[in-house]
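*Asks:* What follows is each chain in one-letter form.
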Amino acid sequence: MLKSFVIKLVLIAITFIMVYLFFVNKLANDFVDPHYNKFTQQAGGLILGLSRANEGISPTIIEEALADYGLFDLPMVNFALNEAHFGEVYLKAIKNKIHTRNGVFIISISPGNFTAPIGLDAKKTLKYDKRLTLGKVDNYTSSPNYNYIMNAYGAPLYNGFHDLDQWNHRTSHHNGWNEVKLEGKHDTIRATDIENWKALNMKFYKEKIKTQQISQYRYEYFIKTITYLKSKGDVFLVRMPSTYEFLKFETELWKSFDYEMDSIAEFYKIPYFNYINKSYKYKTYDGSHLESESAKSFTKELTEDIKVYLKSNHS
Amino acid sequence: MLFNSFEFLIFFPVMIIGFYSLNHKYRWLWLLLGSYFFYIAHEPELIILLIVSTLVDYFCGIKMHEAKKASIKKRYLILSIITNIGILFVFKYLFFFTNNIEWVLDFFGSDVLTKQEANSYNFNQILLPVGISFYTFQTMSYSIEIYRGVIKPERHMGKFALYVSFFPQLVAGPVERASRLLPQLKSETTINVNNIKKGIIMMAWGFFLKLVVADRLGLYVDEAFRTPDSPHSLSLILGSLFFCFQIYYDFSAYTSIAIGAAKTMGYDLIQNFNRPIFSTSFEEFWKRWHISFTTWLRDFIYKPLIRNARYPRLIAVVIVFFINGLWHGANWTFVIWSLLNAFILVVEISTKQFRHKVFNTLKLSKRIRGFLGWLTVLGLMTITLVFFRSPNIHQALVYLEHMFSFQGSLHINILGNAFELFLCLVLIFIVQIIYYYKGNRKVYELFTKQTRIAKYSMCFAYIFVIVLFAINRQNSFIYFQF
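Chains A and B, in that order, give the protein sequences. If you count by our numbering, then the first sequence holds residues 1 to 315, one letter each, in order. If you count by our numbering, then the second sequence holds residues 1001 to 1482, one letter each, in order.
In short, the hints are calculated from the structure, not lab data. We put the CB at the ideal spot given by N, CA and C, even for glycine. Hints may contain errors.
Stated by the list, open to error - The calculated DSS-like cross-link candidates involving lysine-lysine, where the alpha carbons are at most 27 Å apart (straight line), are: (1) B:Lys1159 x B:Lys1063; (2) B:Lys1159 x A:Lys3; (3) B:Lys1159 x A:Lys8; (4) A:Lys185 x A:Lys136.
As the list claims (entries may be wrong) - Derived, one-sided and incomplete: chain A residues facing chain B with beta-carbon distance under 8 Å: (5) Leu2; (6) Ile12; (7) Val19; (8) Tyr20; (9) Asn25; (10) Phe72; (11) Gly154; (12) Leu157; (13) Phe267; (14) Tyr268.
What the hints assert, rightly or not - Heads up, incomplete: computed chain A residues facing chain B, CB under 8 Å, no partners named: (15) Met1; (16) Thr15; (17) Tyr158; (18) Tyr205; (19) Tyr228; (20) Tyr275.
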């Protein structure tokens, strides 16, 4: 009786594993989620930062513009996520992600990159980070990435049968860029929608910041990240454009931010491209993040500045 | 270690195989090591508290039993209680306590400490040990029962340590009495396929409840409570109603897995629930909800308070519910939730006769009375649980205000996924039907009393449901935080 029971249990377990792997595989071959494509390839260059960089910088444009130089390793991957604050977890992911000694690394920074929940010391911040997407994943480069789906994909696997989870204004590119177009398949984001989302976002940030502090731990890991990436290629610090209200909000949070970043850039001999004064040229879809056309224009402007810098420093 | 983690999927079979492979003489050691490993996998440094609590209660238990004088007995009981309450106070309530003291001093304009000095103590840095409220209350019951002469102390330190740390119920109960669990842990169990089957079915039920139902409801609840000032009143009502079911299924899931895991080794843990959602009064609800803890409060706090009319019953109820609220967490929201329950209970008991008169006058049948009672309990639970779920009193009040503002919006699909919302409702319906017919204790009969073909079909259906519909977030159980 016991023997047959154990055999049945083993058969059930095998069936379970097979069914599970089948549906994981099914999902992996379709749209998984907006972050999945960031975890499916090794990278020659990276775009790092939070959600602003995730939606506002296109790797393809940078790759094309720098192709003339033929000096840099490819592919360029947008590895910016809204949870990717500087820390041990993000640095470990970056180290696993890149395979280059000659890459281009764009680090998008704002005071938000340096925040952590109030009261957390280094150890607790690390523990906190490990509970987020980057911390749950061990594999950052496989395609299909079963490790990502098993550990970080938070939705049910029946989503493998449809792609309703993808917002109809967003296109998740294979290089990790999440492009947001004002014109969607079903509707258009109008000026009133933008104003409405802007107000909601601002409210969200104001509520959230009550629970956050600028973290020494994040600052230290920012430096460690720069130091590491400098050994692998050229590093560019970038402060992206946004709307006046959001930039003012950030400035209030950390008044000497630009001054300190300038000092760090100078000390480490890397450029700091600050575009906040050019924000009027670009349009956001929610007050904070660039919409598709602005993202493309901004990436082009950034690439031009990178080219100028490279010409003067690599010649 | 979480029950709903890959680590547990490996840990548990290893424990069971090891348990049955070993001679009875060594099983306690195997289980003890496994239980400590289970705890260490979650919080390595805080195992020391579990050990301290175990050693102090082991020592006090023996000393109490050996003491000839009542005063000496009492001294050891106090030592045991102070140690356990002390651990709880430092690790769970110190930050809350100092915060409140600070607020009171601020209110009266007193500056005992500057802000900088106060912050330098870093009480908010103290980690809350998982399961601390459960194992401290369990060991306290051991000491009190020895003091009362109900049980004799356990002389075998290892077996006593196992009673305190037994892994299935270590982090979220049930709060087992030594008189129930210790004799079981000491007795020899032989391998019994029926026990293993029942245990595995109970665990499978628990995983279904947690991964498919409770975590799914949690998505809606999280969204509703993220925007307490939402203009969509119906979505807020549904959010709180869903939380009512979420917390029940989440806790019930943990208990089912704990009971199932213990059952596979031949041990019976106490069932914590008896269909609480079908209660037709608050009095009934509190007899059916978290039974191991509510009976603890009844036996060790309520009864001593009312003995010899020391305190009026109403005062005793308020004290018990105050402790109940505080036990759940170091936040006034839990205390308010619990005191609101006490208030409703007091009103309910004191108006019982009047209500019966009204019902008799209206000639309402027993069934209609029951239905009205059930509706009232569910409605009031939905309202009071807003305090339980909210991070602070202000947000709870904002939530309640908007919940009842009814601004004409009928929008409830706040996740933008009508299928998921529909699924939530269907799942609640299915689970309640199962609980209605089988109760919390005999869910395994759903499977065991079927034909062979039905059993195979159910196995396959279960696999597909878990694989396709589970919410893969590895969320910890809600009661872990208590």
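*Asks:* Hint by hint, note whether the structure agrees.
*Replies:* Here's how the hints hold up against the structure:
no., hint, result
1, B:Lys1159 x B:Lys1063, "holds, 18 Å"
2, B:Lys1159 x A:Lys3, "violated, 31 Å"
3, B:Lys1159 x A:Lys8, "violated, 34 Å"
4, A:Lys185 x A:Lys136, "violated, 33 Å"
5, Leu2, "holds, 6 Å"
6, Ile12, "holds, 6 Å"
7, Val19, "holds, 5 Å"
8, Tyr20, "holds, 5 Å"
9, Asn25, "violated, 12 Å"
10, Phe72, "violated, 37 Å"
11, Gly154, "holds, 5 Å"
12, Leu157, "holds, 5 Å"
13, Phe267, "violated, 30 Å"
14, Tyr268, "violated, 32 Å"
15, Met1, "holds, 5 Å"
16, Thr15, "holds, 6 Å"
17, Tyr158, "holds, 4 Å"
18, Tyr205, "violated, 14 Å"
19, Tyr228, "violated, 29 Å"
20, Tyr275, "violated, 32 Å"
Of the numbered hints listed earlier, those contradicted by the structure are 2, 3, 4, 9, 10, 13, 14, 18, 19, 20.
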